[in-house]
Amino acid sequence: MKIQKQMQQLQLQALAGHRELSQFPSQENAVTIAVSSRVLFNMEKEQQIYEQQGMEDYIKYQVEHEAEPFSPGPAFSFVKALEAVNTQLRELYPESEELFDVVLMTNNHAYVGLRLINTINHHKLFIERFCMTGGNSPIGYLKAYHTNLYLSADSGKVREALEEGIAAATMFTPEKMTEVSETQLRVAFDGDAVLFSDESERIYKAHGLDKFFEHEKAHENKPLDHGPLKGFLEALGKLQKKFYGKGQRMDCPIRTYLVTARSAASSGTRALKTLRSWGLEIDEALFLAGAPKGPMLEKIRPHIFFDDQMFHVEGAAEMGTVACHVPYGIAQRVTKKGIMDKEFSPAPK
Amino acid sequence: MLIVPWSLQVTSRAVFEPGADDGDEVYKVGTAFPLLQALQRVNKRLLEENPDESLLFDVVLITTNTQQQQRSSSIISSTRHYGLDVSRFCFSSEEDFVESLLKNNVQLFLSADRNEASQASQKGVLSALLDQHSASCPPEQLKVLFSGDAIIRPDTDPTPASRQGAQTFLAQLGEMRRRFGAFDSPLSIVLVTVTGGRESCGAALRTLRSHGVSVDEAYCLAGAPRAPILSLLRPHFLLSDGLGGLEE
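These protein sequence lines are chains A and B, in that order.
The numbering of the first sequence is numbering that gives the first Met the number 0, which starts it at 0 and goes up by one.
The numbering of the second sequence is numbering that gives the first Met the number 0, which starts it at 0 and goes up by one.
Quick caveat, the hints were computed from the structure, so don't treat them as lab data.
Careful, some of the hints might be misleading.
[Claimed, not checked] Simulated restraints on C-beta separations:
| # | chain 1 | residue 1 | chain 2 | residue 2 | range |
| --- | --- | --- | --- | --- | --- |
| 1 | B | ARG177 | A | GLU43 | 54 to 62 Å |
| 2 | A | GLU65 | B | ASN114 | 56 to 64 Å |
| 3 | B | ARG205 | A | SER25 | 26 to 34 Å |
| 4 | B | ASN49 | A | GLU174 | 29 to 37 Å |
| 5 | A | GLU94 | B | ARG87 | 20 to 28 Å |
| 6 | A | GLY134 | B | ILE75 | 35 to 43 Å |
| 7 | A | GLU178 | B | ASN49 | 34 to 42 Å |
| 8 | A | GLU198 | B | ARG113 | 28 to 36 Å |
| 9 | A | LYS59 | B | ALA170 | 18 to 26 Å |
| 10 | B | ARG205 | A | LYS175 | 52 to 60 Å |
| 11 | A | GLU198 | B | ARG233 | 35 to 43 Å |
| 12 | A | THR86 | B | ARG233 | 45 to 53 Å |
| 13 | B | ALA170 | A | GLY155 | 33 to 41 Å |
Glycine residues also receive a C-beta, built at the ideal position from the N, C-alpha and C atoms.
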């Protein structure tokens, strides 16, 4: 019976035109990035129909326009850059499964499935795995796929994922999108409450800036606790080392940035020492000492930027950077005044 | 969860048109119980939408084990006791049960016994194996799972009759699903493709659509292990290459 099944399996593979094993990396070895349909593609019009006219009209519209591909969304260039890295990794390590694996993780019903598949084909994306949960929560599936990073337009789902220990962020569409590299993946992180825990931010919020500086100086040699995206930085580091191993350190196809409101002269030291204690490297650390992040990010041109404060996310998006909100830590307790932290300047990072 | 204290094997079978005779399959009551409840719930909702609805699940229980047949009255009273909506009870010998399935135009044969399902399938009866985890499946929504890799390779179906049976079943299942909206449906149709990439899944979606079935949830695994996904989906039964069932 078992042999029969194996024969069937082989037949199946032959019939389905089964691709090279390296093109379907296995979960344990790959860096799995799950993206929702609304961040990968521009589905604004359809979203509006859903919100204003309801599910049935939404589905009808999607099916009627099945042959029309969606245009790219904010995560599109990020995914293209992931694929560019994969191409370069395959050239250097043809047998390896240590690659990026992009999974489409959507709440949509499978009625929308064919339009999504047609769109993936149209844009020549290499997405072979997807989950269309038909309204059910994607969280269980994120765990089943050992997801290293989850990007969605839905902050509720992102919060759920974070609670389950999965690195996640809510992605926003910038008004304009600055051109980014097609060959080098650039990922920018805020420090506190993203790579690091929010412990220092709590001190700033409770006791003010001076107390914050004092505390950071006094605890300079004590590593900060880890934040929700530390694991993702780690995963990027593992892939970077594969390029270093082949002599590609200077022009590595993956580049990471720390963009923090901490200052180089004081509070920044603890951040760098923490990273070192974790055995993690970051390519560029930018200590802004409270200056706005938008202009700096515009110079760096990352494919993606993670911050726990909406103030910074919005500032980055205004200047054309694809910015994602990590709804973690003390910064999420919004004051009734509205936009957080605009009144405090500089913000401590 | 009610577990019948005696280890009787109770067969159940889903039919779509009342009045048609059906063959039966044998299950342990514990395993099939949530499935029967889910089937009943679908019927209840169908009748709520349209009190004159004729496209309903018709469940028949079959028992082949002679020992159990002697306690037939217990079977009948148990189903009544648990409020199970069974329209017919059938007692048949082990050698003849497939014949009676065929004679009675059984549309779907469900069994927890792989051999029985296999036998029926080989004679052209659409069969599905009940998951050993079916006992813990939620009764609120009937989840029917199609394994996509089987859909796009019809040449491995055992007989033309079985293929025809599958097509009829699909058309009626699709019809039944259309009685409900996208939200809050008591019936959900799930597609999982295991080995192929998105093209395989797309092909399976199109094939099912051509048979009148719109899929609610679709999972394209592209070689990823399916056990974690299946344990999340918890389908009541899986339609695969005529045999149904889940691999270990």
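Right, here's what the structure says about each hint:
Taking the beta carbon of each, ARG177/B and GLU43/A are about 29 Å apart, not inside 54 to 62 Å as hinted. Taking 56 to 64 Å as the suggested C-beta distance range, the pair GLU65/A and ASN114/B does not conform, at roughly 43 Å. For ARG205/B paired with SER25/A, a C-beta distance near 28 Å keeps the hint of 26 to 34 Å intact. For ASN49/B and GLU174/A, the Cβ-Cβ distance of about 50 Å falls outside the hinted range of 29 to 37 Å, so the restraint is violated.
Take GLU94/A and ARG87/B: their Cβ atoms lie about 59 Å apart, and the range 20 to 28 Å is violated. Restraint check, GLY134/A to ILE75/B: a C-beta distance of roughly 39 Å satisfies the suggested window 35 to 43 Å. The beta-carbon spacing between GLU178/A and ASN49/B, approximately 57 Å, falls outside the hinted interval of 34 to 42 Å. For GLU198/A paired with ARG113/B, a C-beta distance near 56 Å fails the hint of 28 to 36 Å.
Range check, LYS59/A to ALA170/B: Cβ separation about 22 Å, and the 18 to 26 Å hint holds. Under the hint 52 to 60 Å, the C-beta atoms of ARG205/B and LYS175/A, about 38 Å apart, miss the expected range. About 40 Å separates the C-beta atoms of GLU198/A and ARG233/B, a value consistent with the hinted range of 35 to 43 Å. A hinted range of 45 to 53 Å for the beta carbons of THR86/A and ARG233/B is inconsistent with their spacing of about 39 Å.
Distance hint for ALA170/B and GLY155/A: a CB-CB separation of about 38 Å, consistent with the stated range 33 to 41 Å.
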